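A.B. asks: Under this note's numbering, the first residue of the sequence shown is numbered 68, with each subsequent residue one higher.
Incorrect hints may have been included.
To be verified - Pairwise CB distance ranges (calculated):
1. 72 / 103: 41 to 51 angstroms
2. 81 / 146: 17 to 27 angstroms
3. 76 / 185: 21 to 31 angstroms
4. 123 / 193: 33 to 43 angstroms
The set of hints was computed from the structure by calculation and includes no laboratory data.
Since the model is a prediction, treat every value here as computed from it, not as a measurement.
Beta carbons are placed, not taken as given, at the ideal position from N, Cα and C, and that holds for glycine.
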Amino acid sequence: MPLIAACFGCGLFFGAGLLISGMTQPEKVLGFLDIFGAWDATLAFVMAGAVAVTTAGFILARRRGTPLLAPKHLWPARSDIDTPLVAGAVLFGIGWGMVGICPGPALVNLAGFSLPIVVFVAAMTLGMCGYELLPARTV
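Let's have the full structure, built from the sequences with the hints guiding it.
C.D. replies: Below you can see the structure in the form of C-alpha cells.
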C-alpha cells in the first residue's frame, strides 16, 4: 500500500506541476515549437527546472543503498540507440508537433472530458496495446 500511495502522490505532484506551468495547454507547447513565429520560451524554462530537480533526485537515489519502498533499484539496463528507439522518437515528435500534447498532459486533460483529448488518449492506449502485441525482439 505505501508504494501505491507514493505512486499516486508522485503522479498528483507531476500533474499539478503540468497544470501550474500551463503545459496542459496545447497552445503553449505549439508556441514553443513555432520558432519562426510567436515563439514562447515557457516550455524551455519548465524543462530546465524539471531536469534540475530530476538530476538532484537521481543523485540522491544513487547514493542510497536501497529504495524506501522497493527491494532494489530498477535502473535501465540498455543505453544503445537502435531503429525502434529512433522511430518511436520520430513518431512521438510528429504527434507532439501536430497537436501540442503528449501523454502526461493528455492524462491530466482527460479530467475535462474534452472529445479531442478522449480520442487522443484512446488512440494512445491502442498504440501502446498494439506495441505489446508485436513479437518480442532479441538483441
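A.B. asks: None of the hints should be skipped; say for each whether it holds.
C.D. replies: Hint by hint, here is what the structure shows:
1. The supplied range of 41 to 51 angstroms is met by residue 72 and residue 103, whose beta-carbon atoms lie about 46 angstroms from each other.
2. For the pair residue 81 and residue 146, the beta carbons lie near 25 angstroms from each other, so the given range of 17 to 27 angstroms is met.
3. In this structure the supplied range 21 to 31 angstroms holds for residue 76 paired with residue 185, their Cβ-Cβ distance being about 26 angstroms.
4. Remark: the range hint 33 to 43 angstroms for residue 123 to residue 193 is upheld by a beta-carbon distance near 36 angstroms.
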